[in-house]
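The chain contents come next:
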Amino acid sequence: MPILYYIYLCLTLFSIGVVGVLTRRNAIIVFMCIELMLNAVNLLLVAFSKMYHGAAYLNSPTTTIGIDAQIFVFFIMVVAAAEVSVGLAIIVMMYRNTHSVDINFLNRLKN
Amino acid sequence: MKIIIAFIVLWPLAGFLFNGLGRNIWSKKTVAYKATGYIVASFIFSILAFLNVQTNGAITVHYFDFINTANFKIPFDLKVDALSSLFLLVITGVGSLIHLYSTAYMKEEEAPHYARYFAYLNLFVFSMLLLVLGDNFVIMFIGWEGVGLCSYLLIGYWFTNNTFNYAAKKAFIMNRIGDLGFLLAIFWMIAKLGTISYSEVLTAESLAKLSTTDITAITMLLFVGAMGKSAQIPLFTWLPDAMAGPTPVSALIHAATMVTAGIYMITRANILFSASEFTGHVIAIVGISTALLAATIAIKQNDIKKVLAYSTVSQLGYMFLGLGVGAYSGAVFHVITHAFFKALLFLGAGSVIHAMHHEQDIRKMGGLKSKLPITHITFLIGCIAIAGVPPFSGFFSKDEILAAAFAKNPIYWVLGVIGAAMTAFYMFRLYATTFLGQFRGTHDQEHHLHESPFAMTLPLILLAVASAIAGAIGVPELMGGHHWLSHQLVSIVGEPHEATLSHQTEWMLMGISVTIAVIALTIAITIYKKKADGEPQTVLGKFLYNKWHIDELYNNAIVEPLNKFAGFLKEVIEKSVIDGAVNGTGKLVQYSARKMRLVQSGQVGYYILFMVLGIVLMLVLWFNDISILRFLIQLTNKS
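Here the protein sequences line up with chains V and H, keeping their order.
Quick note on our numbering: the first sequence kicks off at 1 and runs consecutively.
Quick note on our numbering: the second sequence kicks off at 1 and runs consecutively.
One-sided and incomplete, this derived list gives chain V residues near chain H with beta-carbon spacing under 8 angstroms:
#1 P2
#2 I3
#3 L4
#4 I103
Quick partial rundown of chain V residues pointing at chain H, CB under 8 angstroms, derived from the structure:
#5 V18
#6 L22
#7 N104
Derived by calculation from the structure, the hints in this document are not laboratory data.
For every residue, glycine included, the Cβ atom is placed at its ideal position computed from N, Cα and C.
My request is simple: use the sequences and hints to build the entire structure.
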């Protein structure tokens, strides 16, 4: 399957994430959009990794070319999981204080 | 010899440091003895150096490298040859007498100022000796600047008087204008020849390397330097104003030594000057014009020192006429005789001023003959010498210059004789008004009239003797002499020109100039024996009395426009343009900061939006070519 399809998919997912972050006010949806962007990048990494590794594998079955990107993906997943726990905790605290998850209320921090 | 030559220069420097640093410590007596003693020591060493030149010829001694770079070197060398040893004797000899004279003349000054005066005077002698002893143009330039500085310091010696300060500044600035010419000439020589040592620049080989334009430019620039230092048109107006300084200073600096630096420099570089016909003409014309202009002004002045000052300018003009027509040894001869009789006249004037309690207006003098006998006799000898009456010294030197001028162009000679007649006239006008007739001052002044102390009359007597007999060093062959001086200077200026004039012509020229001078001085004595000049009545009289309005001309043509321009820069350029730019920058930053801070609204969404826009912009800029597109196409083709 052409790599371009993966790239288009990733671009679409990433753009949806960006637009979601920019336009939505609900903190949980913003949060989900951030996850969407992260996973779009993950997907791209895996796709490229597979492409390069597959090409090298035909010549030498023991090659490790291209597989390091997949290790990155695991790292990103771990970091994302940690981030989710922190982010959700913040949102919970926010809800307790303001009874809302609207991020525009966050500007109360100013002054 | 190396040590002796070094000490000729170092004695006055030691005196300067001693008096300058210890001005609050030493008594006036110590200061006077030390200051005079150092110059006398320098004089004795100069005699030794002179005798050495007579027996062993010229020597150059190397002390250290002043500037030393890979391909250019300025050594600190001193050179004693026929020319510089003569100047050494004049500077230290006349300098010693003037120091001696000053010890009495300045004794009313407070101790620190007394020491300050002698420190400046010693520094001056030091600079002047450096000027004549240096073996390259840079060392000469150091001395050249040094004498300018000392002149400034001494003219403004009585610094509480603002007029004197202005006179000092005027002298310094005029000198600086000339110095710029000298400096450019040095740069030109370095650029074209890569050296500034006399022994390398002033040779036939280096002349061959220079084009005619180069030689003309270098000599003209050197001459501009000489114009400033030696008070020639158009830079002469500082010299009469320099009379603001104490009278012995006028005698030493503004008559006998510093102003002759220009003549020394041109004589030193005579090989270059002889090679440029054009510069020679310019020098001769400037010289004779200065001589005549200053002489006409001197006729109408009433300040005893101003008359002498203009007479100095006029005599310097004669020397430049001599240089311009190639009579270098004649010019040097006139420098030497002029040093004697002009120092004598200034010191005599100082003695008169001293007796008159700082009265300088000759209209208020008169009849001083019997009250100041020694001053009177010596002053008279000085007047006769400068008027050119044989057998006094001025006759021989002036005649030599005039004869050379006649050989070059008879018009120079005619103008020179007219100038000489005016010289005789104004000098005897000065003499008769001051010493003959009735006393015209106040009763109080008359009561206090006194002959000056011995320390002042001794220099007068010695200088009078020198003025009377100094002509002996240059008696022309015509009169059975063998012109010792020009033989001395053969190694510097070459063989004296073959006599182009027949003996009859020379006798006739001499006879005419002497007769005219004697007639002029007789007329002057007859007129001014009885009465002094009143206020000038005729248009011409007023014109001369006001010094041809040259100061006003310079003021209106140069100073005022410059002041206006400076005012324009201050009021318009400074206030609107420069201040505007500086304040504008500040205002712009403040304004933009006020507007920009509104962007920081606290809305997180906007921050992120700007961030995304920024990233997109960066990507566009980064990949503004089609490389990303090509990359995508490549991928498509591959799959």
